[in-house]
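**Student:** Each chain, letter by letter, is given below.
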Amino acid sequence: MNMKMPCLHLTKIGMIGLLAAGLSAISAGQTVEMHVPAALVAGGQASIPTTGSGKATFYLLGPGVSRKSEVNLGDEIRLESQETQNAGAYQAILCADNCQSATFYVSAAEPSGLYFLVHPSRVPVGQSDAVSGVAIPFDQFRNLILSPATVQFQLTAGTAPLLSRPVKTQAGIAWFRTTSGRSAGALQVVASLGSVVARRVVQQVASDPCNLKIEGQRTKTGITVETEPVRDCSGNPVPDGTIVTFTATEQGGKSTVDAPIKQGIARAQISGQGAALVSVASGVVMGKELHIGAQIESRPGGQP
Amino acid sequence: MKTVLPIVLVVLTVALILLALTGAGRASGTVGIALGSSFVTKKPSTPEQALTNLLVDAKRHNWDQAFSDTSNLGPADKQSFIQDWTGSNGSLRSFSNLETFETRPMHITDDQAQMRVHLHWSTPVGPIEDVRDFHLTREGDIWKTVWPKNQIPNVPAQVIPVTYLRWDLVSAGADDEWGAKNIDAPHVRIVSMNAVDLAEGVVVMGEVVNEDTIPAFVNVNATLVDGAGNAIDDESSFDRIAHVLLPKQVTPYRIDFPNLNLKNVKNVRMDVKATLVPASADPVIGVMNQKVDADVQGKAVLRGDLLNQSGQTVNIPHVIASFYDGDGKVVWVADGYVERALLPQTSSPFMVDIPKSLASKVQNFHVVVNQYSIGRD
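Residue numbers (my numbering), protein chains in the order written: chain Z, 1 to 304; chain E, 1 to 377.
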């Protein structure tokens, strides 16, 4: 990031100005005059007319710029566009027998870029005030545009518009805060200022699992248990890889398996022969319990 | 007079060397290992001596001699006997050394003896104490150890498809636009915290959950603060936590502050740090048949079996258990390493201690398994 901060140079310019004023006060002889531009846009060219005759020395001090040149009094002093690219306060000093100084300001040019920071990069659905964005307009010379401008924020989840809000910049900054959408997927976040557009994507993810249900059956070696498709309370499928903990409590002890969801369903094999109460949880969310009866022992002759 | 002092020094040196050689079995140094099998082994005329001979030989990796100290093993058992001591498949035992041991007779008759041994191992994860009971028999005028045969799991050749998720990380380039490609750190939360005063010091423990949809590398730090607001000490959970948490996974944590007293602590400042890491949902390790029981010494322990449900060898399984009282409050967190590797589709027993003072309070428990596998994240 390369933002130019004009105010950093003001102290230096002020000292030079004081010096120039001091020189002016103690000097006597030919009076020099110049007329600095009332307003100047960054990167613009300008001329400073002077009066008098003879040679003089011209100093230009600005944010990131310093220049000393010999000029003829009565001619115009030309400021090239390279010398005025940085917005801020500039000091022009003209010295012959005495010195005169004047200050002029260069303001930022038209917006050519938006720094756009959106937070977070990933957000659960249905969270209030969960998505925020900050847009900062800059001109082509990366000067912060301090004059009020209207930034249009647009949020779109899939094809459904979620938010469209014009926001005027304050001190060069515009921002928004809003609730995340109801469906998992990409949330397109666009900030536009005139023809300048910045796009970001926030990944909306499923929230905590909701209404966890399991079904299970006894096998030769134990219990096979699996969830129904795991979804959040908005109906979004919980992402694969999410851990679901199955706990089977039998009379002789307890068995647990942390199983990841695969294709929407978590499965586990739990060893044990006795009657078991199987519970399920994911994170801090508990699901419904399931009672599975004991293994029926086979007797000789195949009779249970 | 000039020759007396050197002679005394030489005699003293020889005496000290002999003393060291005869006492090597109980010594904590590495003298025995350095000198190998050149030691003179005492005749095992007592059960204590027989077991000491076996343990000293095993400590020195003098396998032929150690094997001959047993009574019940045939030539076919030699490899498994050695593996029992040296470990295999990159297990914790294969990185461990037997440092010292203490034997204690439990029951001795004319031709049978029961001995208990405290084995002190040095391992990469710190010292580990193992308590084992051995049976010895008298054969003529010598005693021999009946070595408990260890069944090495035999995993049949098979193909196990692995279709679990894996998360990889792609880092943003240095020239990417500012703010365009940031990925937030995983969102984790401390769901419980309990600080208790024990004889050894203050212990802070609880549980952390990964609330996010991506894996997280988690570390919990705690700072004890006194009444004036000054930090007394700060510590991290170190290895008493499952650092890599998959989405919605819960782990216990425990932070020890040795030699401190909770009376001097006004506040505990908790800090959980989470970073995004590549991870795999495999292997899945089930924790079966968990129950609070008593070990051979009568101490309360949580024991169970770890079942590797995947096709990957877990070299060093690490069990972390949180224990709850009747109100669901975490009253203790204990951990333990399993010294044997967990082969695919096999199970291995585990055991973690519960302090005597807390055993009566424990009403419920939750076990998570941390795993270290060579060559895999």
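Calculated from the structure, these hints are not laboratory results.
Being a predicted model, the structure only gives us computed values, none of them experimental.
Do not rely on the hints blindly, as some may be mistaken.
What the hints assert, rightly or not - Not close to chain E: a few residues of chain Z, all C-beta gaps over 12 angstroms, as computed:
no.	residue
1	S53
2	A149
3	A157
What the hints assert, rightly or not - Pairs of lysine-lysine, DSS-like flavour, derived with a Cα cap of 30 angstroms:
no.	chain 1	residue 1	chain 2	residue 2
4	E	K356	E	K299
5	E	K299	Z	K220
6	E	K266	E	K149
7	Z	K262	Z	K213
8	E	K266	E	K329
9	Z	K288	Z	K262
10	E	K266	E	K299
11	E	K356	Z	K213
12	E	K263	E	K149
13	E	K361	Z	K288
14	Z	K262	E	K273
15	E	K78	E	K149
16	E	K361	E	K291
17	E	K329	Z	K288
18	Z	K262	Z	K220
19	E	K263	E	K329
20	Z	K220	E	K149
21	E	K356	E	K291
22	E	K78	E	K42
23	E	K291	E	K329
24	E	K356	Z	K288
25	Z	K68	Z	K55
26	E	K361	E	K329
27	Z	K213	E	K299
Unchecked claim - Here are a few chain Z residues that face chain E, going by a calculated C-beta distance under 7 angstroms:
no.	residue
28	D97
29	N98
30	Q100
31	A102
32	G241
33	T242
34	I243
35	G253
36	K254
37	I265
38	R267
39	S271
40	G274
Glycine is no exception: its CB is placed at the ideal position from the N, C-alpha and C atoms.
**Student:** Hints first: check each against the structure and report whether it holds.
**Tutor:** Here is how each hint holds up against the structure:
1. S53: holds, 52 angstroms
2. A149: Consistent with the label, A149 of chain Z stays out of reach of chain E, its closest Cβ about 19 angstroms off (over 12 angstroms).
3. A157: Fine: 17 angstroms to the nearest Cβ keeps A157 of chain Z off the interface.
4. E:K356 x E:K299: Given pair K356 of chain E, K299 of chain E holds - Cα atoms ~7 angstroms apart, limit 30 angstroms.
5. E:K299 x Z:K220: Cα-Cα ~34 angstroms, so violated.
6. E:K266 x E:K149: Given pair K266 of chain E, K149 of chain E is violated - Cα atoms ~54 angstroms apart, limit 30 angstroms.
7. Z:K262 x Z:K213: Cα-Cα ~16 angstroms, so holds.
8. E:K266 x E:K329: Roughly 21 angstroms separates the two Cα atoms, so the pair holds.
9. Z:K288 x Z:K262: The given pair, whose Cα atoms are some 20 angstroms apart, holds under the 30 angstroms limit.
10. E:K266 x E:K299: violated, 34 angstroms
11. E:K356 x Z:K213: Roughly 38 angstroms separates the two Cα atoms, so the pair is violated.
12. E:K263 x E:K149: Between K263 of chain E and K149 of chain E the Cα gap is close to 51 angstroms, so the pair fails against 30 angstroms, i.e. violated.
13. E:K361 x Z:K288: Given that 30 angstroms is the threshold and the Cα spacing comes to 27 angstroms, the pair holds.
14. Z:K262 x E:K273: holds, 28 angstroms
15. E:K78 x E:K149: holds, 10 angstroms
16. E:K361 x E:K291: holds, 15 angstroms
17. E:K329 x Z:K288: Given pair K329 of chain E, K288 of chain Z holds - Cα atoms ~22 angstroms apart, limit 30 angstroms.
18. Z:K262 x Z:K220: Given that 30 angstroms is the threshold and the Cα spacing comes to 24 angstroms, the pair holds.
19. E:K263 x E:K329: Measuring from Cα to Cα gives roughly 21 angstroms; hence the hint holds.
20. Z:K220 x E:K149: OK: K220 of chain Z and K149 of chain E at ~28 angstroms, within 30 angstroms.
21. E:K356 x E:K291: With Cα atoms ~16 angstroms apart, K356 of chain E and K291 of chain E stay inside 30 angstroms; holds.
22. E:K78 x E:K42: holds, 23 angstroms
23. E:K291 x E:K329: The hint holds at about 19 angstroms.
24. E:K356 x Z:K288: violated, 35 angstroms
25. Z:K68 x Z:K55: holds, 13 angstroms
26. E:K361 x E:K329: Given that 30 angstroms is the threshold and the Cα spacing comes to 10 angstroms, the pair holds.
27. Z:K213 x E:K299: violated, 39 angstroms
28. D97: violated, 51 angstroms
29. N98: violated, 48 angstroms
30. Q100: violated, 43 angstroms
31. A102: violated, 37 angstroms
32. G241: It holds, given that the least Cβ distance between G241 of chain Z and chain E is near 4 angstroms, below 7 angstroms.
33. T242: T242 of chain Z check passes; min Cβ-Cβ to chain E is 4 angstroms, inside 7 angstroms.
34. I243: holds, 4 angstroms
35. G253: Result: holds, 4 angstroms to nearest chain E Cβ.
36. K254: holds, 5 angstroms
37. I265: Check failed: Cβ of I265 of chain Z comes no nearer than 12 angstroms to chain E, outside 7 angstroms.
38. R267: violated, 10 angstroms
39. S271: Holds - the Cβ of S271 of chain Z comes within 7 angstroms of chain E, reaching about 5 angstroms at its closest.
40. G274: For G274 of chain Z, the interface hint is violated, since the closest Cβ of chain E sits about 11 angstroms away, which is over 7 angstroms.
Checked against the numbered hints given earlier, this structure breaks hints 5, 6, 10, 11, 12, 24, 27, 28, 29, 30, 31, 37, 38, 40; the rest are met.
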